[in-house]
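Position chain B relative to chain A; hints supplied.
There are 2 protein chains.
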Amino acid sequence: MSEDYRSMWESLGLDLTAHDALLGVLGTFYRDIYLTRKNRPEGMGYFDFVMSEVHGLRIKELLEEKVAGRKIIGSYCVFVPEEIVLAANATLVGLCSGADFAVEEVEKVLPRNTCALIKSSFGFKLGKVCPYLEAADMIVGENTCDGKKKAYESLDALVSNLYVMDIPQVKSEKGRELLKAEFWRFKEAAEALTGVTIDTERLKQGIRTVNAKRRALHRLTALRAADPAPISGLDALLASQVSFYDNPQRFTDAVNKVCDELEKRIAEKEGVFAPNTPRVVVSGCPMAVPSWKIPWIIETSGAVIVGEESCVGERGIRNLTDDAGQSVEALMEAIVDRYFKIDCAIFTPNPDRLAHIEEMVRAYKADGVIHYGLLFCQPYLMESIPVAKALEDKGIPILRIDSDYSMEDVGQLKTRIEAFVEMLR
Amino acid sequence: MSEDYRSMWESLGLDLTAHDALLGVLGTFYRDIYLTRKNRPEGMGYFDFVMSEVHGLRIKELLEEKVAGRKIIGSYCVFVPEEIVLAANATLVGLCSGADFAVEEVEKVLPRNTCALIKSSFGFKLGKVCPYLEAADMIVGENTCDGKKKAYESLDALVSNLYVMDIPQVKSEKGRELLKAEFWRFKEAAEALTGVTIDTERLKQGIRTVNAKRRALHRLTALRAADPAPISGLDALLASQVSFYDNPQRFTDAVNKVCDELEKRIAEKEGVFAPNTPRVVVSGCPMAVPSWKIPWIIETSGAVIVGEESCVGERGIRNLTDDAGQSVEALMEAIVDRYFKIDCAIFTPNPDRLAHIEEMVRAYKADGVIHYGLLFCQPYLMESIPVAKALEDKGIPILRIDSDYSMEDVGQLKTRIEAFVEMLR
Numbered sequence: 001m002s003e004d005y006r007s008m009w010e011s012l013g014l015d016l017t018a019h020d021a022l023l024g025v026l027g028t029f030y031r032d033i034y035l036t037r038k039n040r041p042e043g044m045g046y047f048d049f050v051m052s053e054v055h056g057l058r059i060k061e062l063l064e065e066k067v068a069g070r071k072i073i074g075s076y077c078v079f080v081p082e083e084i085v086l087a088a089n090a091t092l093v094g095l096c097s098g099a100d101f102a103v104e105e106v107e108k109v110l111p112r113n114t115c116a117l118i119k120s121s122f123g124f125k126l127g128k129v130c131p132y133l134e135a136a137d138m139i140v141g142e143n144t145c146d147g148k149k150k151a152y153e154s155l156d157a158l159v160s161n162l163y164v165m166d167i168p169q170v171k172s173e174k175g176r177e178l179l180k181a182e183f184w185r186f187k188e189a190a191e192a193l194t195g196v197t198i199d200t201e202r203l204k205q206g207i208r209t210v211n212a213k214r215r216a217l218h219r220l221t222a223l224r225a226a227d228p229a230p231i232s233g234l235d236a237l238l239a240s241q242v243s244f245y246d247n248p249q250r251f252t253d254a255v256n257k258v259c260d261e262l263e264k265r266i267a268e269k270e271g272v273f274a275p276n277t278p279r280v281v282v283s284g285c286p287m288a289v290p291s292w293k294i295p296w297i298i299e300t301s302g303a304v305i306v307g308e309e310s311c312v313g314e315r316g317i318r319n320l321t322d323d324a325g326q327s328v329e330a331l332m333e334a335i336v337d338r339y340f341k342i343d344c345a346i347f348t349p350n351p352d353r354l355a356h357i358e359e360m361v362r363a364y365k366a367d368g369v370i371h372y373g374l375l376f377c378q379p380y381l382m383e384s385i386p387v388a389k390a391l392e393d394k395g396i397p398i399l400r401i402d403s404d405y406s407m408e409d410v411g412q413l414k415t416r417i418e419a420f421v422e423m424l425r
Numbered sequence: 001m002s003e004d005y006r007s008m009w010e011s012l013g014l015d016l017t018a019h020d021a022l023l024g025v026l027g028t029f030y031r032d033i034y035l036t037r038k039n040r041p042e043g044m045g046y047f048d049f050v051m052s053e054v055h056g057l058r059i060k061e062l063l064e065e066k067v068a069g070r071k072i073i074g075s076y077c078v079f080v081p082e083e084i085v086l087a088a089n090a091t092l093v094g095l096c097s098g099a100d101f102a103v104e105e106v107e108k109v110l111p112r113n114t115c116a117l118i119k120s121s122f123g124f125k126l127g128k129v130c131p132y133l134e135a136a137d138m139i140v141g142e143n144t145c146d147g148k149k150k151a152y153e154s155l156d157a158l159v160s161n162l163y164v165m166d167i168p169q170v171k172s173e174k175g176r177e178l179l180k181a182e183f184w185r186f187k188e189a190a191e192a193l194t195g196v197t198i199d200t201e202r203l204k205q206g207i208r209t210v211n212a213k214r215r216a217l218h219r220l221t222a223l224r225a226a227d228p229a230p231i232s233g234l235d236a237l238l239a240s241q242v243s244f245y246d247n248p249q250r251f252t253d254a255v256n257k258v259c260d261e262l263e264k265r266i267a268e269k270e271g272v273f274a275p276n277t278p279r280v281v282v283s284g285c286p287m288a289v290p291s292w293k294i295p296w297i298i299e300t301s302g303a304v305i306v307g308e309e310s311c312v313g314e315r316g317i318r319n320l321t322d323d324a325g326q327s328v329e330a331l332m333e334a335i336v337d338r339y340f341k342i343d344c345a346i347f348t349p350n351p352d353r354l355a356h357i358e359e360m361v362r363a364y365k366a367d368g369v370i371h372y373g374l375l376f377c378q379p380y381l382m383e384s385i386p387v388a389k390a391l392e393d394k395g396i397p398i399l400r401i402d403s404d405y406s407m408e409d410v411g412q413l414k415t416r417i418e419a420f421v422e423m424l425r
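In order, the protein sequence lines correspond to chains A and B. Reading the first sequence from the start, the letters are residues 1 to 425 in my numbering. Reading the second sequence from the start, the letters are residues 1 to 425 in my numbering.
For reference, chain A alone in the conformation it holds in the complex (with noise of 0.2 angstroms):
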């Protein structure tokens, strides 16, 4: 990245030093795990692009929208709503994590057997690496895990803009009630921050940008169907990592632009793998930038990932918000229904989860399914071993993978996801 950027980094507060190490680290890794590899879609050039501006161009933009009075809001889940927060006319990231960083620092601030990701995050901010977090306005936490609920509570100390919002447990009609009463609060919250009042236009505007966003994710994933594969799931995952990032639109057309490609691909029975090349679903717990541990394992081990059912993935992005509405409550309503739908593994029970995975499998022709359980992250791991069983009970190979973000496991991992993928063959 352009030496132009150090002012930018050193007037939002971040450490150089530690952050030139961490663009460092970052580069290589991103160069020896994607560009090193053949046959990926010319359009993931721009991927590549934004990739290689992440703390750079994309952080010039944020600051210049906040130059002409535009508020960044930064959220961790994605039951944070994009549409509510476009509609305010401000702009939502997604803050770092992914990666170990400043550990014995978070180490004193969070108990040692806390999830990599929650960790992560502190890391990123205790160390003064991410200037997504510095750059926000508006910091948006939310009661989802046991572990993210109270980390919040430590959060607030480091931070002087956290806003938190709580999310049901259960799908009842309290439940739903709830997450209404809490997406109104943080309407009236975006609102206040921006001085926007939200009307029935601005709303559906941005529910319609959203929705675009999906669609374009959705055509994406619909594609992974084929065979042979015309994107891997490196690539795939890529971009649903940088739609937390990226301009919503900028983004839009760079997936539909890809999606053009893999349709010529498909046309002439191109693929990125060979032909009968062992497919899996990955599912489980999300991977952030730069947490490419498990997909390049499995690339590398003679499997091809055809869908990701995560919250960078399909749980993220799948379902639409119903933009018909007339008014600001009709589509705050329909908002709420989308989100309501989401299958987090903090719900009980959370049959639609199984469901999805069952519905992946045999929508993108997957062999087999491989649950990805970051460490000590209790819901996914617990829920995991019913999932397991069901998949098995219905004849659907599966293997369960525990990790973090440290590298020291890639060795075991490879070892188990190759018996795991010569079995598929």
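Note that these hints are calculated values from the structure, not bench results. Note that the structure is a prediction, hence the values are computed from the model and not measured. Any given hint might turn out to be false.
In silico DSS-like cross-links for lysine-lysine, where the CA-CA straight-line distance does not exceed 27 angstroms [stated by the list, open to error]:
1) B:K171 <-> A:K341
2) B:K341 <-> A:K174
3) B:K180 <-> A:K341
4) A:K174 <-> B:K171
5) B:K171 <-> A:K171
6) B:K171 <-> A:K180
Just chain B now, with coordinates in the frame of chain A:
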């Protein structure tokens, strides 16, 4: 326990061999930890008897109640309102936990990194050694922590009578509404189970019975403020533990009898330890029978425990339920009010708990706090860090201990606790 009970245990479907082994270990453990200690109040003889008959006479009583048409409701949590259970002419019992059992079987249905309390409750079920569980007509689960919430999904496959209560995560208006709706739903479920319609008189009587139990325990806790302490922490904990199993009226009488004796001791400046023995409050996760490890280490390391800030302790019993209401609605409101005050770490934020720990330190003239966190119990482990910081900032020494039910860490814990106690002198 008498041979007569074997056919009773068999009729409940217990694994007699495993159950014999459990009772053998429990008996030895109890003798070593309790019966060999000197200077115990005579009134504790009642509790020794109750413990010696914990799977015998008490189960016989419950089965006799069942024959007479009364229902037994089992619970894992202090959020289950005993007032409502009694008003429905049912009996509430705490379900077995507190020791590792059938670990290998448990780890087939729960992740290894699940807290010992949850694993234990599954172990008692899978090992077929909990007569309370097998005698229960209804088992009540509650969505408190992620671990329990998701574990109940798996428990549901192992028992035929599980009822799950949703619990709020925030002490907001919506949170109180949820608890209220859930308590009304539970009232209806209890009525459906027993065929009894809960009226004002029944509910008032239920409240009075439970309040009397709480008042007796409040009396006991207040007496522990004396120096020298008139009762050990181990004995006071035992009383709290037995409160979950015993007939409420008989229990209340037994506690009051101990209190009469303690008052005499205090008047004569007699104590269970020497005057000026370092005094500690234990705060954190619950200690179900037979998890006496931590208090046993503390009280054999030169300190006396003068209070338990725990579900099996003051968190479970503080605050009475107002019995003044003249309608079911008014009394139900009072019940909701009382339970909504419970300062469990599942709530975010949870400032009442810190305030209560400080209040206990002052009231019982404690020299320090030992925080007990069950390994992998995210809510308490996470909350323990800001709690410890806040106490340290106020000059209250605190030691954080994370442990489970194994005996492997006894040596290490003893070293740490002795050093902490030495510092309090």
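Hint-by-hint comparison with the structure:
As the CA atoms of B:K171 and A:K341 are separated by approximately 25 angstroms, the hinted pair is consistent with the 27 angstroms bound. With a C-alpha separation of about 20 angstroms, the suggested pairing of B:K341 with A:K174 holds against the 27 angstroms cut-off. Between B:K180 and A:K341 the alpha-carbon distance is near 25 angstroms, which keeps this suggested pair within the 27 angstroms criterion. For the proposed pair A:K174 and B:K171, the alpha carbon gap of about 15 angstroms is at most 27 angstroms, so the pair holds.
A hinted pair counts as satisfied when its Cα atoms are at most 27 angstroms apart, and B:K171 with A:K171 qualifies at roughly 20 angstroms. Simply put, B:K171 and A:K180 have alpha-carbon atoms about 17 angstroms apart, close enough for the 27 angstroms limit, and the pair holds.
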